[in-house]
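Colleague: Spelled out, the chains give:
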Amino acid sequence: MIKEITAKYDAEQIEKKVTEFWEDSDAYRKTREHRKTGKRLFLLTDPRIQPGISIWGLPGTRSSKIPFSAIIP
Amino acid sequence: MNNRNILERPGWDMHGLPIEVKVEGLLGFKSKKDIESFGVENFIEKCKEFAITQKQAMTEQFQRLGVWLQWSDPYMTLKDDYIEAAWWTLKQAQEKNLLDVGKRSVNWCPRCETAIADSEVEYAERVDPSIYVKFKVKGEENTFIVIWTTTPWTIPANVAVAVHPDFEYSKFRAIRQDGSEEILIAATDLIKNVLKQGRYVDYEVLETMLGEDLTTLEYESPVGDLVPVQNGIKHGVYLADFVTVENTGCVHIAPGHGTDDFNVGMKYKLPILCPVGPNGSYTDEAGEYEGKNVREANPIVIEDLRERNRLLAEGTVTHRYGHCWRCKTPIIYLATEQWFLKITEIKAKMLEEIDAVDWYPDWAGSARFRTWVEGARDWCISRQRYWGIPIPVWKCKKCGKLEVIGTKAEMLEKSGASSDIELHRPYVDKVMIPCECGGEKKRVEDVFDVWFDSAVASWATLKFPQTREQFDEWWPADFITEGHDQTRGWFYSQLGASMVGFGRAPYKSVLMHGFTLDAGGKKMSKSLGNVVSPLDIIERFGADTLRAYVLSSSAPWEDLKFNLEEVETVHRSINILWNVFRFPLPYMALDNFDPMKVSLDSVKDALREEDRWILSRAQSVVKAVNEAMSGYLLHKAVREILEFTLEDLSRWYIQLIRPRTWTEADDPDKLAAYCVLYEVYVTLTKLLSPFMPYLAEEMYQNLIRNVDPNAVDSVHMCDWPTVNEAYLDPELEAAMDTVRSIVEAASNARQKAGRKLRWPISRIIVSPENEGTAKAVERLRSVLMDQTNSKAIILTGAGKSWEELGLEVIPDPGKIGPVFKKEAGKVISALKEVDGIALKKAFADSGEFELPLQTGQLLQ
Ligand SMILES: [Zn+2]
Ligand SMILES: [Zn+2]
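Chains A and B are the protein sequences, given in the same order.
My numbering puts the first residue of the first sequence at 75, with every later residue one more than the last.
My numbering puts the first residue of the second sequence at 523, with every later residue one more than the last.
It is worth saying that the hints were derived from the structure and are not from the lab.
Please note that the accuracy of each hint is not assured.
What the hints assert, rightly or not - Straight-line Cα separation of at most 16 Å, EDC-like style, residue types lysine to aspartate or glutamate; simulated pairs: (1) LYS110/A x ASP1241/B; (2) LYS77/A x ASP1113/B; (3) LYS110/A x GLU530/B; (4) LYS113/A x ASP1241/B; (5) LYS110/A x GLU995/B.
Unchecked claim - Where chain A lies over chain B, by a calculated footprint (3+ residues, C-beta under 8 Å): (6) 523 to 532; (7) 767 to 775.
Stated by the list, open to error - Partner residues aside, some chain A positions facing chain B, computed with beta carbon under 8 Å: (8) ILE76; (9) TYR83; (10) GLU86; (11) ILE88; (12) ALA101; (13) ARG109; (14) GLY112; (15) LEU115; (16) PHE116; (17) LEU117.
Idealized CB from N, CA, C, for every residue including glycine.
Bound conformation, chain B alone (with noise of 0.2 Å):
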């Protein structure tokens, strides 16, 4: 309506482990081994349908709520074009030296069998298992560093402990009940937690040092009699600034299951021993652990350690754990070879990028987002499944060489594989490169994070890099809006990949908005049963009322409490809004009004002041919707118009003009009242457009297409209304609000008096406060008098009194107290008595006033 040309494709996200892990439901698998043996090429295409068939289920529902995109040609993320475009920017990666590929530890599912990215991990609380371990000191008799860890499966990988530098340790005999002792190592202030976890009696300090002071130590594994692997490491104490006074101050350090972990192993080139499989099972690497699925080893490693005599302390611990963020499985860390995007190598520029977007509300991106991107590591891109954009990296099995595949037509260069050929594993799978040395080069297994496609989605919609025309014209996007999750997801995804790309943010200005939570402020879910369907909303109040309860209740931005009395509420106001829009349908009818012909221009002699009035208002609320989308504040907008129908138009212009639509056809006063109303509701409907599209089109084909052939096929392509300055007059409109707040106090004063509006009064006496007032009266005087069935309107002088009018005195015992002292109580209740008017009187004419108290005093 603002004559913009825009692109607007919907785009549908249809790959990735949320359909995976849906038709894995379907089809009642439990395991990776379950979809293998189903076949890969099977089960991409029933992820492939599966994805189809929602994306027509959600268009039709996107369309009943009124929502105009491009249904037609939208994008879709399993496309050539569009997997096209995720392997021209992971080539880009490459170019640039944005590219890694290593082992790393990241967040792991073992039922999905597949890293997850750290925006993917949902925390929930979980019991674990809480334990203390001794580590045996090699070479010192009877001493053991102590540890504390809620992951005792990890033990059978550990390979060092951890201590800060700059704490101070202590070594000390702890001796217990039965006075058996032994030597513990730990930080000297958590002594006294070391001792009362282990139920020690009595102890005696026998050195202290430093942290950096320990690291001469070396211990053996408290299992290395199950584990062989064990047996050949150097088990060291190392240095690191994580290391807090907490538990025992010494940290137990498995490489291969955690990021500190892994970063103190990388530091010190420990080994980064990860006896685990994808199915979060061990390896034949644990020796007599292999096959046990790590959560069931939780139990028996503590049973070994108590038997080994390393268990100092065994309890459980609630607290904030990771999760899928899938199927809620509890995650685990693996040591894993993984594809990266060198984030934090390009975080400063991103950080920089985020000031060049509009953000709204301002605080989405100056706080929100830049906190998260202030912490982002580097994005582990790769996942061991099967339904997503396969990564472009071929690699040779003889040299090891890699090779990273802009294109589709780069590869089928490369490999002379068919053109017919689908973008997809298995197929991919098979197509070989020859390399250089004389070997194959192979695909590398793995797909995309489902992230990585959504973060190309600014270049792929404009089918970049296949044609460039329409890139070149339009990226990049002028606006996007996601809710507030997506800082994590959308937002970053993007900022990361085209920063890659092309060096700058994709977007110019975003949207954050709010989630729908139920009445209570709780998320919506399926197992708390408090989810609202849209669309039983739609069916019972229309997808009209619907979109203006959604829009008006609260800014974007806010979450939204779901709230069924609001949305009645809001019904009940369209409701209102087409009673004032059918009012004058009837009388229009029967005078077969024709607003082609009778323009109001033409009866501009015959306006009334409420007429000017109407017209004003209704482009003062032009303008304050125009104000409020210009800051995305869409329920402002809303209820400015639902406003103006109920007050302005329903509850008052309606009322003023019922009885001139009772006069004879050609009766100008009625003409002028006619045209208003038309020119009022065009408006109208022109505004209502953007919210309540289906209201606006029924509204616009009655009043414009049905009297002008010529007119625009739908609403939706008119013009979006300008202010019309000529209308505006700010002054007329301050004097409605005078005169509606006296006809207010009127009909106050008649409900007092008993007096029903139907019976006459002789006269209304108005005492202005100023003169903005007495004007607003002059000007309505009509008005006033309809509105308050009165004969006569009497303005007093502004700040005047009325003389007729009784006066009421009002002691103030702050000034009576101080002068009368005593007598003030007296003086008090006398004066409530006397004749306002003589009492002014007198002080006006003397200046002082006789006042006869009860007890027949008399004091001056």
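Isolated chain A (complex conformation) (with noise of 0.2 Å):
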């Protein structure tokens, strides 16, 4: 049955919870295989890898990341 929720949108709980779900479920894995036999789409990622610096890519730069995870469903 549907649950009520906490009055507080906590972000850090919710993600937690989430990634232990997507982990113990194994949700990646199981999506890849759900679209198995979908129309093949080849989506070439940046390889980044730079010393020292953080997501958002090179020092200054937009992380690519973001947008290619938006995009990729």
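Assembly of the complex is requested from the two constituent chains, each provided in isolation within its own frame, with the hints serving as guidance.
Modeller: Encoded structure:
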């Protein structure tokens, strides 16, 4: 049944819980499995490993990964 | 969600100068010598370790962001299958005659001691010497050609002077204050400049000639006594079109130290003198200067010129100068032996391929990228470094024959090396291949430019050439995205390498994204201290907020000025979304509402107009999001969703249905509201999933998985919503807009009258401008009554006014002035006092009206 939820939006809790769920349920692999017979789509990610930088990408660049992961679905 | 089987391996660029420089820093190394004494093997092990640690840290960060990629199976540039992709590509270049080796003038970093590509040169302001030098003309008494340079250290390597064939030059007598004089040669238009620089007080032109008439001159090196090799060189004047009317019009040519210089040297077969070593110090060829660092030699050379009376003027110049992209050392130009891909030969085809790719935005390809490719030179792919893909060329020590190896297997077969060999320096350096001449081939020591690694990513990730299967199924890539700096980087390197390998672009569509800048629009950098760590933002607001903020703030290709207040605004929107989502849950839980049992269809007779409206709105949002996504307008998609949540759900629909949730359990009116909300929330959950993957999953687990055990495990396995045309009702949406604006007007009126909403009013009179408005009011009369707390809605006919309503008279001076002339002012003020209804009636009945003026006059 549908459950009540906390009054406060607690991102940290939600993200922790969902991460665990994804890991425990092997959600990523299942999702790929689910689409195995779908039309092929080759998304090439940039090879990004640069010393001492954050996920913005190179200092001052926007991370490609955010738009990328929004587009993947 | 669109039923696509996706190949989405993340990739790690684990080689190259960036990592070497970082590891050198950690080990406290200053130069290549430190690496050699530490041992190349030890050094590359450190680099490998560093790259792997980085990879793990970054993987965790991306996962925190909610990025779903095949993290368990990334491509890594240090693996054999990847290295072989680069080797195969180089062999293709050789077979197609697109590989070149030879001395060329390249950008050189004297600290990293390697060539660097044009795309790796960063320009920054720098102060350098600016000197005018006199070259003594042979066989002519006291006569000099005047040149200008900002690199005094290249004077020991001077071999020629270039002039423009069509410019007019002068030989002129230049006279100093003390009466001493010399004869100088410079462009006629620049005589004044030369005189000023050299502080001459007077002059006299002796002779004028065209540049092409100067080529018979010969001159002496100004430092021939210090640099013996200079005395064996015949210094002449040559023609070049790149010469401009600046400084003296005569250009100092040192073919070992500049691209233009090198080209002049090649054209006229001049000696390519390059008396500077990889570390930026003079070699023994530089005679007395041997061992001195070139930058430190600048003042010494200037002093030597002065002593020899060859210095005409000395000053400084502030100009844009190239620096090494990794270590920020000012570059120099050196003529060295390097490997090149002949981009200039395939450029025309590359330009054609740009048109075959879909670019987002369009100008990224049609303007920005095209311009870069048009100006591209041959690509110098060799680096004199350690941690990179070894260039697979073996050269015979005896006969000089070259052999390019395309795969590991080929190398093993030809050399007999052991199959467990690692494909890195120094290991492959030890592999010897027997030559047909009886000698032995040894690998050239260079490694690839790290951009060549990433250039082959699209087939390396498919493990081509090790296996063909995946390549045939997947290549070329459907989509890539990167920052606009990658026009000269990854977009370019991939296209170049793919043209060599396959004769076509390796990607079908490219999304170019912007940079994240600080709030003031400055680049984020450690030295400026303005770096915002994404992890900090995640800690404070969560990954969903960060994602929604980054995606919604601007079009992907625009730069993002990071603004904390805007992050907070987005965070508030998500809080509202949470409250919207939360609102019906306690009621639904209390009533044991089971959407599996009570379908929307089963309550369709109980649906109110507002229910149909929100169902239609949700479909319109799906439509708008799909349209936005098809052009990668991610910002529009996210804004659309957040606005729907805020304006339509939170501020309106939920306000409308609140009272319905208070009734008893099986009231169909309430169940209808539940079913509608449920339907809308399920759609919303799916729409949210790419942008706010955590929140969407949380909603999905509660809304769907908690009621339907057979539903797919994760929201990310769901099908993307398609527009349900049956729910779409644009007329109803427009009607609701109208009604909402009437409610707003009513609320304004209440405010003016000081009457709070909780006090009912007896009636609201609506006089619609057109039939549409009238229809809207009819259709949504109950919503209007509820939201305005009124007992009746009275609708006048369209375009008609309500008779009980006072009519205000607004005089039009433009019409009154010409008719009433000097009385106009009085007429206007009198009109303002008149009863509008009476006036209108009078005109309607008799077409005239008697207007009493304040002066007692009566006007008709
Ligand atoms: Zn450097
Ligand atoms: Zn040989």
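Colleague: Now look at each hint and say whether the structure bears it out.
Modeller: Taking the hints in turn, this is what the structure says about them:
1. LYS110/A x ASP1241/B: holds (14 Å)
2. LYS77/A x ASP1113/B: holds (11 Å)
3. LYS110/A x GLU530/B: With a Cα-Cα distance of about 13 Å, the restraint between LYS110/A and GLU530/B holds, given a limit of 16 Å.
4. LYS113/A x ASP1241/B: holds (14 Å)
5. LYS110/A x GLU995/B: Answer holds: LYS110/A to GLU995/B is near 13 Å, not above 16 Å.
6. 523 to 532: Result for this restraint: holds, n = 10.
7. 767 to 775: Per the Cβ count (0), the hint is violated.
8. ILE76: holds (5 Å)
9. TYR83: holds (4 Å)
10. GLU86: holds (6 Å)
11. ILE88: Check passed: Cβ of ILE88/A comes within 5 Å of chain B, closer than 8 Å.
12. ALA101: holds (4 Å)
13. ARG109: holds (5 Å)
14. GLY112: Hint holds; GLY112/A Cβ to chain B Cβ min 4 Å, cut 8 Å.
15. LEU115: holds (4 Å)
16. PHE116: At 4 Å from the nearest chain B Cβ, PHE116/A passes the 8 Å test, so the hint holds.
17. LEU117: holds (5 Å)
The structure fails to meet hint 7 from the earlier list, while all remaining hints are met.
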